[in-house]
Structure formats: structure tokens, C-alpha cells
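Hey, can you work out the whole structure from these sequences and the hints?
These protein sequence lines map, in sequence, to chains A and B.
Under the numbering used here, the first residue of the first sequence carries the number 1, and numbering increases by one thereafter.
Under the numbering used here, the first residue of the second sequence carries the number 1, and numbering increases by one thereafter.
Bear in mind the hints are in silico, worked out from the structure with no lab data behind them.
Even for Gly, the Cβ is constructed at its ideal location relative to N, Cα and C.
Among the hints, erroneous ones may be present.
[Unchecked claim] Some chain B residues judged to face chain A by a derived CB distance under 7 Å, without partners named: (1) Leu-6; (2) Met-7; (3) Ile-9; (4) Tyr-20; (5) Phe-49.
[Said to hold, decoys possible] Here are the in silico distance ranges between beta carbons for each label pair: (6) B:Gly-21 / A:Asp-140: 36 to 44 Å; (7) A:Asp-40 / B:Val-33: 20 to 28 Å; (8) A:Glu-59 / B:Thr-46: 35 to 43 Å.
[What the hints assert, rightly or not] Computed, partial: chain A to chain B, Cβ under 10 Å: (9) Tyr-12; (10) Trp-88; (11) Thr-122; (12) Val-128; (13) Val-133; (14) Ala-135.
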Amino acid sequence: MNALGAVRGAIYAAVVDSGRTPTVAELAAQLGMDADLVADAFRALAEAHVIVLRPGTMEIVWAPPFSAVPTPFRSTVGSMSWHAPCAWDAFGIPAALHGDAVIEARCAWSDEWVACGVRAGTAYGDAVIHLLVPAAHFWDDIAHT
Amino acid sequence: MARGALMTIPQAWDLSQRWYGNRLDPEFRRPTVEEARAIFEIVGLTGAFWSL
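Below you can see the structure in the form of C-alpha cells.
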């Protein structure tokens with residue numbers, strides 16, 4: 001596995017294990033890599049739309065489908081819960097973890113909490129997901145999307 | 001509500017499994033544009049909104 005793959009793997013391992021994303025310094029120490037190389041990997045992963053950095057920083061806010069910052073979308077798989085950047089990603093969490101999930105999502109229109117999830121491999125829930133930004137423009141401003 | 005597209009929950013789950021099912025694999029790579037187009041079509045996400 002190359003350095004980029006190692007950094008990506010370590011980022012996702014950390015967020016799955018703890019719900020938080022690691023810093024450049026933490027990964028450099030963990031992987032025995034130069035911090036500048038880790039930072040380069042963070043930038044390359046962000047450029048490739050694999051992770052999302054807080055603008056102007058090296059802080060990973062999203063490692064989709066996981067969010068390191070609170071959002072109105074929360075997925076519980078087994079005994080652990082994670083925030084997701086959006087409703088699609090809320091289902092992405094059980095997909096990535098290959099498990100069932102209880103999902104809590106707040107409707108942006110009514111502000112009500114919607115109960116949905118995955119049970120015995122089948123999705124359930126009485127709601128629809130509305131997307132405003134067309135797919136070709138998702139990454140123009142991913143936070144807005 | 002502003003215009004956009006609607007996705008059903010079963011579609012979101014189907015899409016998520018195809019999109020994120022291998023996200024934690026060591027050999028993961030993001031779908032290409034062609035692969036993304038194929039995924040959207042298989043899931044039933046069609047029309048101008050989903051064009052890439």
C-alpha cells in the first residue's frame with residue numbers, strides 16, 4: 001500500500017473507531033511518516049474528493065460517509081453512532097460498515113426528526129430525501145450541497 | 001420548497017451500498033464518472049439532475 005492509501009486507511013480507521021478524525025501530527029506519529037508527507041496526503045485526498053478539509057485548515061471535517069462534526073443526520077450501527085454529512089451519507093454509514101442501522105435525520109423543511117434506517121438489510125422509513133444541487137455540481141461547494 | 005430531485009429511502013440505501021460499500025477496503029478508489037453514471041442509472045436516478 002502506498003503512502004496515500006496508508007493515510008486514507010488510517011483516517012477512516014480513526015473515524016470508525018472514535019468518531020473523530022486524526023490530525024496530521026497524530027497520523028505522522030502513528031504511521032512513522034514525515035508530517036509534511038502526511039499533510040500532502042491530506043491535500044491530495046481532499047483534491048480527489050475523498051475527504052473534506054475545513055477551509056484554510058488541515059482539519060478533516062468529513063471522511064464521507066462519516067462527519068467529524070455534528071450534523072442533523074446520525075447513524076447508529078451496533079453500539080456506536082456517527083454523524084453523517086447528509087441523508088444519503090446517513091445510509092452510507094451502514095453501507096460502509098456492512099450492518100443494520102438506526103438513523104435519526106432532521107427534516108430541513110419541517111424541522112421534525114425522521115426515524116429511518118436499515119433492518120435485516122432492508123431500508124425503512126416514511127420520508128423522501130430532497131437534493132437541491134444537481135449531481136454535476138455537487139462538489140462546487142460540497143458544504144452547501 | 002426549491003426545485004431539485006427526490007430520492008426514496010430504498011433508493012438511498014441502494015445508492016449507498018453501491019457508493020460506499022467498499023469505502024473501508026484497503027484498495028478503495030472513488031468511482032469514475034462512468035461508474036457513477038452507471039450507479040445512478042441502476043438505482044433509478046435519471047434525468048438532467050443526475051447527469052454528470
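Consistency of the hints with the structure:
Here the hint on Leu-6 (chain B) is kept, as its CB sits about 5 Å from the closest CB of chain A, short of 7 Å. For Met-7 (chain B), the shortest C-beta to C-beta distance to chain A is roughly 4 Å, which falls under 7 Å, so the interface hint holds. For the restraint placing Ile-9 (chain B) at the interface with chain A, the shortest Cβ-Cβ distance is roughly 4 Å, inside the 7 Å limit, so the hint holds. For Tyr-20 (chain B), the suggested interface contact is upheld, since its CB lies about 4 Å from the closest CB of chain A, less than 7 Å.
Of the supplied interface hints, the one on Phe-49 (chain B) holds, with its beta-carbon coming within about 5 Å of a beta-carbon of chain A, less than 7 Å. For Gly-21 (chain B) and Asp-140 (chain A), the hinted distance range of 36 to 44 Å is not satisfied, since their beta carbons lie about 26 Å from each other. Distance hint check: the CB atoms of Asp-40 (chain A) and Val-33 (chain B) are about 25 Å apart, consistent with the given range 20 to 28 Å. The beta-carbon spacing between Glu-59 (chain A) and Thr-46 (chain B), approximately 37 Å, falls within the hinted interval of 35 to 43 Å.
With a least beta-carbon distance of about 6 Å to chain B, the hint placing Tyr-12 (chain A) at the interface is held under the 10 Å criterion. The closest approach between the C-beta of Trp-88 (chain A) and any C-beta of chain B is roughly 6 Å, which is under the 10 Å cut-off, so the hint is satisfied. The restraint placing Thr-122 (chain A) at the interface with chain B holds, with a minimum CB-CB distance near 8 Å, inside the 10 Å limit. Residue-level restraint check for Val-128 (chain A) holds (minimum Cβ-Cβ distance to chain B is 5 Å; threshold 10 Å).
About 7 Å separates the beta-carbon of Val-133 (chain A) from the nearest beta-carbon of chain B, less than 10 Å, and the hint is met. Here the hint on Ala-135 (chain A) is kept, as its CB sits about 5 Å from the closest CB of chain B, short of 10 Å.
Of the hints listed earlier, the one the structure fails to meet is number 6.
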